[in-house]
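Peer 1: The residues making up each chain are set out below.
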Amino acid sequence: MTWIFAPPEAELLEYIRIFFQHVAPALVAYGAFGGTLICGVMYLWKGDLKYDILGAASLKLGLLFTTITLLTGMMWADAAWGTPWNWDPRETTTLILWVAYACILAYRASVSDRESRAQFGSIFGIVAFPMVILSYLSIRIWETLHPIVIEPTGLQMEIEHGMTLIVSMIAVTMIALILIDLTYKVDSVQEKLMRIRMSWS
Amino acid sequence: MQQVELFIVAVIFWGGIFAFLVYLLLRMMGIEKQLKIVEGQIEGDQ
Chain A
720 MTWIFAPPEA ELLEYIRIFF QHVAPALVAY GAFGGTLICG VMYLWKGDLK YDILGAASLK
780 LGLLFTTITL LTGMMWADAA WGTPWNWDPR ETTTLILWVA YACILAYRAS VSDRESRAQF
840 GSIFGIVAFP MVILSYLSIR IWETLHPIVI EPTGLQMEIE HGMTLIVSMI AVTMIALILI
900 DLTYKVDSVQ EKLMRIRMSW S
Chain B
2 MQQVELFIVA VIFWGGIFAF LVYLLLRMMG IEKQLKIVEG QIEGDQ
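As you go down the protein sequences, you meet chains A and B in turn.
Sequential numbering from 720 applies to the first sequence in the working numbering.
Sequential numbering from 2 applies to the second sequence in the working numbering.
It is possible that some hints are incorrect.
[What the hints assert, rightly or not] Cross-link-like lysine-lysine pairs, in silico, DSS-like; alpha carbons within 27 Å at most:
| no. | chain 1 | residue 1 | chain 2 | residue 2 |
| --- | --- | --- | --- | --- |
| 1 | B | K37 | A | K769 |
| 2 | B | K37 | A | K911 |
| 3 | B | K34 | A | K765 |
| 4 | A | K765 | B | K37 |
| 5 | A | K765 | A | K904 |
| 6 | A | K769 | A | K904 |
| 7 | A | K765 | A | K911 |
| 8 | B | K34 | A | K769 |
| 9 | A | K904 | B | K34 |
| 10 | A | K769 | A | K911 |
Hints listed in this document are in silico derivations from the structure and should not be mistaken for laboratory results.
These numbers come from a predicted model, not from an experiment.
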């Protein structure tokens with residue numbers, strides 16, 4: 720649909736197709752980080768490791784989609800504004816967001832004590848979430864090159880582009896959910912294997 | 002020129018997703034190896 724259905728835009732011509740590969744992963748990444756926040760709260764409340772594993776899976780997918788967002792955003796910016804990076808508030812806050820969650824992932828990979836990793840990983844996942852809100856609201860707080868597309872009244876774009884964006888959103892959300900499910904299963908098996916090895920040795 | 006840039010965007014998007022799938026596949030292969038080691042240890046102890 721992105722490549723065939725959506726018509727070229729008056730100013731951006733065919734480059735409008737980058738928009739769907741950029742906005743849909745961005746919104747899905749925000750959702751995935753939201754999942755990390757919820758799982759972090761649930762782990763600290765219930766103390767069940769499955770929430771920690773699910774939160775970590777959500778974090779990985781959030782990072783993957785933020786990376787895709789930043790890279791496709793650079794292509795989009797180069798086409799629309801002439802340079803790939805402008806230190807625009809949305810770009811900057813998204814980069815900070817990426818670094819913050821990458822640090823949490825690095826922390827999780829470096830700590831061997833399971834309880835500490837789960838506890839601090841959950842806390843960091845909660846503490847980092849305001850950065851997601853700041854990144855989302857940055858175009859409304861500061862003057863920016865990014866247009867405000869999503870308004871309470873609806874999508875500010877042509878109907879065909881709006882439809883393509885919605886379908887892209889659904890497709891990327893489905894891909895993200897499948898990948899989170901697969902990651903959760905792999906991490907759960909790894910966790911069980913570690914427990915067996917520890918109990919045997 | 003536009004087609005080249007759109008192709009690069011498609012490569013970034015699908016490349017990212019497939020790279021993640023490869024990462025999961027490699028981890029699953031690693032788990033399988035670890036499982037064989039654990040099975041060997043259990044059989045050895047018995």
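Peer 1: Look at each hint and say if it fits the structure.
Peer 2: Against the structure, the hints:
no., hint, in the structure
1, K37/B - K769/A, "holds (25 Å)"
2, K37/B - K911/A, "holds (14 Å)"
3, K34/B - K765/A, "violated (33 Å)"
4, K765/A - K37/B, "violated (33 Å)"
5, K765/A - K904/A, "holds (20 Å)"
6, K769/A - K904/A, "holds (10 Å)"
7, K765/A - K911/A, "holds (19 Å)"
8, K34/B - K769/A, "holds (24 Å)"
9, K904/A - K34/B, "holds (17 Å)"
10, K769/A - K911/A, "holds (11 Å)"
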